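Respectively, the protein sequence lines represent chains A and B.
Using the working numbering, you'd call the opening residue of the first sequence number 1 and step up by one each time.
Using the working numbering, you'd call the opening residue of the second sequence number 1 and step up by one each time.
Residues of chain A placed beyond 10 Å of chain B at every Cβ, according to the derived structure: (1) G37; (2) T63; (3) D106; (4) D132; (5) E161; (6) N322; (7) L332; (8) R360.
Cut-off 25 Å, straight-line C-alpha distance, at most; resulting in silico cross-link-like pairs (BS3-like, lysine-lysine): (9) K7(B) with K434(A); (10) K5(B) with K434(A); (11) K162(A) with K212(A).
Think of the hints as simulated: they come from the structure by calculation, not from any bench.
Every value quoted in this text rests on a predicted model; they were computed, and no experiment measured them.
Each residue gets a CB set at the ideal place from its N, CA and C atoms; glycine is no exception.
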Amino acid sequence: MTDKENRKEAPVRRVVNESGIEIKPLYTAEDVVATGGIDASRSGEAPFTRGIHPLMYRQRPFTMRQYTGFANAADTNKRFKYLIANGQTGLNVAFDLATQCGYDSDAPEAIGEVGRVGMAVDTLRDFEVAFDGIDLDAITVSLTINGAAAILIAMYLAMAEKRGYDVAKLRGTAQNDILKEFIGRGTWVFPVDPSVKLVADTIEYCAKVAPKYSPVSVCGYHIRESGATPAEEMGYAFAIAKAYTDAALARGLDIDEFAGRLSFNFNIFGNLFEQVAKFRAGRRLWAKIVLDGYGAKQPESGWLRMIAGGGGFGLTIEQPENNIMRGAYYALIAALGGAQTMALCCYDEAYTIPTPKAQRISLRTMQLLIEEIGLADTVDPLGGSYYIESLTNQLEEKIVEAMSWVDSQGGIVKAVADGVIQAKVSEYAFERQKALESGALRKVGVNCYTDSDEAKPQVDLHGYDEMGAIEQIDALKKVRATRNNAAVERALAAVRAEAKAGRNVMPALMDAVKAYATVGEMTNALVDVYGRFQEPTKLWRKVA
Amino acid sequence: MTERKIKVLLAKPGLDGHDVGAKVVVQALMEAGFDVIYTGLRQTPDAIAKIAAEAKVDVIGLSILSGAHVPLCRRIRELLQEKGLYDKLWIVGGNIPEDDRMVLRQLGFRGVFPTGSRTADIVSFIRENVK
Numbered sequence: 001m002t003d004k005e006n007r008k009e010a011p012v013r014r015v016v017n018e019s020g021i022e023i024k025p026l027y028t029a030e031d032v033v034a035t036g037g038i039d040a041s042r043s044g045e046a047p048f049t050r051g052i053h054p055l056m057y058r059q060r061p062f063t064m065r066q067y068t069g070f071a072n073a074a075d076t077n078k079r080f081k082y083l084i085a086n087g088q089t090g091l092n093v094a095f096d097l098a099t100q101c102g103y104d105s106d107a108p109e110a111i112g113e114v115g116r117v118g119m120a121v122d123t124l125r126d127f128e129v130a131f132d133g134i135d136l137d138a139i140t141v142s143l144t145i146n147g148a149a150a151i152l153i154a155m156y157l158a159m160a161e162k163r164g165y166d167v168a169k170l171r172g173t174a175q176n177d178i179l180k181e182f183i184g185r186g187t188w189v190f191p192v193d194p195s196v197k198l199v200a201d202t203i204e205y206c207a208k209v210a211p212k213y214s215p216v217s218v219c220g221y222h223i224r225e226s227g228a229t230p231a232e233e234m235g236y237a238f239a240i241a242k243a244y245t246d247a248a249l250a251r252g253l254d255i256d257e258f259a260g261r262l263s264f265n266f267n268i269f270g271n272l273f274e275q276v277a278k279f280r281a282g283r284r285l286w287a288k289i290v291l292d293g294y295g296a297k298q299p300e301s302g303w304l305r306m307i308a309g310g311g312g313f314g315l316t317i318e319q320p321e322n323n324i325m326r327g328a329y330y331a332l333i334a335a336l337g338g339a340q341t342m343a344l345c346c347y348d349e350a351y352t353i354p355t356p357k358a359q360r361i362s363l364r365t366m367q368l369l370i371e372e373i374g375l376a377d378t379v380d381p382l383g384g385s386y387y388i389e390s391l392t393n394q395l396e397e398k399i400v401e402a403m404s405w406v407d408s409q410g411g412i413v414k415a416v417a418d419g420v421i422q423a424k425v426s427e428y429a430f431e432r433q434k435a436l437e438s439g440a441l442r443k444v445g446v447n448c449y450t451d452s453d454e455a456k457p458q459v460d461l462h463g464y465d466e467m468g469a470i471e472q473i474d475a476l477k478k479v480r481a482t483r484n485n486a487a488v489e490r491a492l493a494a495v496r497a498e499a500k501a502g503r504n505v506m507p508a509l510m511d512a513v514k515a516y517a518t519v520g521e522m523t524n525a526l527v528d529v530y531g532r533f534q535e536p537t538k539l540w541r542k543v544a
Numbered sequence: 001m002t003e004r005k006i007k008v009l010l011a012k013p014g015l016d017g018h019d020v021g022a023k024v025v026v027q028a029l030m031e032a033g034f035d036v037i038y039t040g041l042r043q044t045p046d047a048i049a050k051i052a053a054e055a056k057v058d059v060i061g062l063s064i065l066s067g068a069h070v071p072l073c074r075r076i077r078e079l080l081q082e083k084g085l086y087d088k089l090w091i092v093g094g095n096i097p098e099d100d101r102m103v104l105r106q107l108g109f110r111g112v113f114p115t116g117s118r119t120a121d122i123v124s125f126i127r128e129n130v131k
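Next comes chain A alone, as it looks inside the complex (with noise of 0.2 Å):
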């Protein structure tokens, strides 16, 4: 047989990408005007598809921010100034498991967990030590922190007064996002309505008294993870960001106080051009959301500022070099798709902690990107191919579908509460799984181009570090000793008679913060008014 034959014969594979818009072999003008034509607008102009700032990266390049937390505040203080000499110009905290679902160190509930995942916090004198001589105007913080956030962004807050900064000028993030935790990640400790409410209490305080911080961090990234397509993750997200704007407005905020800094963090692993084409649409639905829906007067309002990263889905504990590459194709994947700020998994992070040689090879695949490949050099260089803005209008209607199963479902806020969008991502991630056991879903080292000789990775976990969880308890204990107990008594009580009227309870944690009250004591406060959270443990429509 000839070459020739051959390749008639050779069929044209049918290709559905994940959020299911089956791709063509060949996009021309004429797709493009098909589904709806090319967003005129240039970069920094509404609804921003090609990016929110007119010179994006040529100005300022994204901000590299990876996820570090060491067991203590002062390792992790060491850790941190080691990044930044490393030419980080963010940081990322993790928090323990403890701190996260506001249990203190010495509580029953975080033996074996101090310090495990990430800093532990039990009080104020932890953020002392952790943020001791870095400079907060310089670098931007980010606090991974759902359950707790109201109270760990209290104590940041009272951090940075306590060491003369001016909280009104003071930029960070807090990750604050609690409804994508019922989805997927699991730290809750409210139930759902009252977590809503201290997340509008957080935007609404932060609007009055610290208006360049950025309350909460939308998460798609973490409902991707757990089973979600790319369009979903978007419309999801987006319905979270309406929740939390509806509940804000419902305060007698002005749209324009606050959604400038409403910012959101996306996943990227999976295939290229339909994750830019999502980081694409998506931007320009949320400024017609903000601007057309909500009518913000301000342009900035309507800004989808993103930290896009991670992509810890597509890691392999299989072949685990290979996601060295994988690493930098998803950094090109974010700096295609105009994210703001950056940061990837490491290529160990699929069975271990980053070790520091994982870390600095991330932070150097984001760099090179800057340095050597040109991607700082010009706005949405994918802007105009008919490929990606097909796929942009195409994934934009995805997107509004998925917000629109949501309304189906009476709301993101009930949906969760009845672990309704919980189920539909558990049925989604098993069908992937499915996927990958049959060969269907490809994913190279592990059903295809296996190496039948190579020996796994050891998994390498951190061992626990029962000295570091005996002296956290310690500083806690010496804490307790040595601060005004009748004050934190007040403090306390103070946070429980205003959860329980039902005001802000913000400028009450802040004094409880700054008594040297512990998270555990916080939460417990709290706990007294709001209660726990029950999970929904009955997932399954299809199956069961």
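Position chain B relative to chain A; hints supplied.
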């Protein structure tokens, strides 16, 4: 003769919030025809042992990705033994280093399924090992 359905408890002990894998396994076991109870997140060892005893399950499965698998399994083992559940099949999955797998097996967790295991293997392991 109709075969009795195998009853499985799948639990998430501790504060670890990684539940994607646990929920995938729950669905795989359901699809395989097992009767499955999923506890949801943040279960204490006591609560897990209590549910296992009351629900008379054949299999007790734990999913742990925080790295705390050895102390948690040790504690849950004590409680399961107190309740006389040593004849049940105990399995554990999660981010488990090679060296710890033997430790967990010695504790009585006969099936150890590290990250990356196939759900089909978990299903057949349960079928083969439930008496």
